[in-house]
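Visitor: Take a look at the letters that make up each chain.
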Amino acid sequence: GNSVTQMEGPVTLSEEAFLTINCTYTATGYPSLFWYVQYPGEGLQLLLKATKADDKGSNKGFEATYRKETTSFHLEKGSVQVSDSAVYFCALKFDMGTGFQKLVFGTGTRLLVSP
Amino acid sequence: DTEVTQTPKHLVMGMTNKKSLKCEQHMGHRAMYWYKQKAKKPPELMFVYSYEKLSINESVPSRFSPECPNSSLLNLHLHALQPEDSALYLCASSQPPRGRSYNEQFFGPGTRLTVL
Numbered sequence: 036g037n038s039v040t041q042m043e044g045p046v047t048l049s050e051e052a053f054l055t056i057n058c059t060y061t062a063t064g065y066p067s068l069f070w071y072v073q074y075p076g077e078g079l080q081l082l083l084k085a086t087k088a089d090d091k092g093s094n095k096g097f098e099a100t101y102r103k104e105t106t107s108f109h110l111e112k113g114s115v116q117v118s119d120s121a122v123y124f125c126a127l128k129f130d131m132g133t134g135f136q137k138l139v140f141g142t143g144t145r146l147l148v149s150p
Numbered sequence: 009d010t011e012v013t014q015t016p017k018h019l020v021m022g023m024t025n026k027k028s029l030k031c032e033q034h035m036g037h038r039a040m041y042w043y044k045q046k047a048k049k050p051p052e053l054m055f056v057y058s059y060e061k062l063s064i065n066e067s068v069p070s071r072f073s074p075e076c077p078n079s080s081l082l083n084l085h086l087h088a089l090q091p092e093d094s095a096l097y098l099c100a101s102s103q104p105p106r107g108r109s110y111n112e113q114f115f116g117p118g119t120r121l122t123v124l
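Sequence order for the protein chains is F and X. Using our numbering, the first residue of the first sequence is number 36, and each one after it goes up by one. Using our numbering, the first residue of the second sequence is number 9, and each one after it goes up by one.
The following block holds chain F by itself, in its conformation from the complex (with noise of 0.2 angstroms):
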C-alpha cells in the first residue's frame, strides 16, 4: 500500500540551529511527494514537493530531496527561527485510477523553537 511515516515529536530546538526531519515513505509505482505545514489555528499550506527522483524541493529556506535508493524525503533547514514553530506533514500523491489522486499524509511532527 501507500503509507508515510515520520518522526515523532516534539522537535525542539533553539533558533537558529539546523532542523532535520525524517521522513519514509511506501508506495506503488512513482509518487510524487510533498511537505506541508500547519501553523497554529490554521489549515495547512504546501511548504515544497519534489515529482520525482533526485528532484529537489525548496522553499523559504527549507530544502527536501526525493531519494528513490532510500524511500525518502526528508526535510531540511540550515537556521530555524521562532516563526517555524509548527507541525509539519510528510506526503505522497497517488493515482486512485479513478483521474483522482489522493493525499497520504505522515503522522506530523510539531517543531518548537526557542528564542
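The set of hints was computed from the structure by calculation and includes no laboratory data. Source: prediction; values computed, not measured. Treat the hints with care, since some could be wrong.
[As the list claims (entries may be wrong)] Which chain F residues stay away from chain X? Per the calculated CB distances, all over 12 angstroms, these:
#1 T59
#2 Q80
#3 K84
#4 F97
#5 K103
#6 K112
#7 Q136
#8 L146
[Claimed, not checked] Think about it this way: if two alpha-carbon atoms lie no more than 30 angstroms apart in a straight line, the pair counts; the simulated DSSO-like pairs of lysine-lysine are:
#9 K46(X) x K112(F)
#10 K46(X) x K95(F)
#11 K84(F) x K95(F)
#12 K84(F) x K30(X)
#13 K91(F) x K103(F)
#14 K48(X) x K103(F)
#15 K112(F) x K48(X)
#16 K26(X) x K84(F)
#17 K49(X) x K95(F)
#18 K95(F) x K17(X)
#19 K17(X) x K137(F)
#20 K49(X) x K103(F)
#21 K48(X) x K95(F)
Glycine included, C-beta positions come from ideal geometry on N, C-alpha and C.
Using the hints, position chain X against chain F.
Guide: Leaving out everything else, chain X in the frame of chain F:
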C-alpha cells in the same frame, strides 16, 4: 484571491442537532475536498467534488452529507453525529487533476467541531 474560507470557525452541537459547515473559494477551482483531522493526527480525505459532482466518497458514514451547490461553494451537512466525530474539518480546493501533473490543493483554516 488565493484563499479558501470556512465558516463557522468553531461549532458545538448535540447528537440530535442538524448543522452545516460551509466552504468557499473564488480561485476558479473546479475540484473541492473535505478532510477530517483528529487531534494530533494527519488529515484524512472524506469527499472529493469535481465540476460540482461527487467523485470520491471515502466510505464516510451517511450522517455526513456533502453538497456542492455551485463551483465556489461546498457544504457539509451534519446530522446525528457522535462524540467521536469531534475533529477539525478542513476544506481544500484545486484545479481538477490532469494526467500526472499536480494541481496544488489550497486548504482553508478549518472548522473545529465538538459533538457533545
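Visitor: Now look at each hint and say whether the structure bears it out.
Guide: Here is what the structure says about each hint:
no.	hint	in the structure
1	T59	holds (15 angstroms)
2	Q80	violated (7 angstroms)
3	K84	violated (7 angstroms)
4	F97	holds (16 angstroms)
5	K103	holds (16 angstroms)
6	K112	holds (21 angstroms)
7	Q136	violated (5 angstroms)
8	L146	holds (14 angstroms)
9	K46(X) x K112(F)	holds (28 angstroms)
10	K46(X) x K95(F)	holds (28 angstroms)
11	K84(F) x K95(F)	holds (13 angstroms)
12	K84(F) x K30(X)	holds (29 angstroms)
13	K91(F) x K103(F)	holds (12 angstroms)
14	K48(X) x K103(F)	holds (28 angstroms)
15	K112(F) x K48(X)	holds (23 angstroms)
16	K26(X) x K84(F)	violated (39 angstroms)
17	K49(X) x K95(F)	holds (25 angstroms)
18	K95(F) x K17(X)	holds (28 angstroms)
19	K17(X) x K137(F)	holds (26 angstroms)
20	K49(X) x K103(F)	holds (26 angstroms)
21	K48(X) x K95(F)	holds (25 angstroms)
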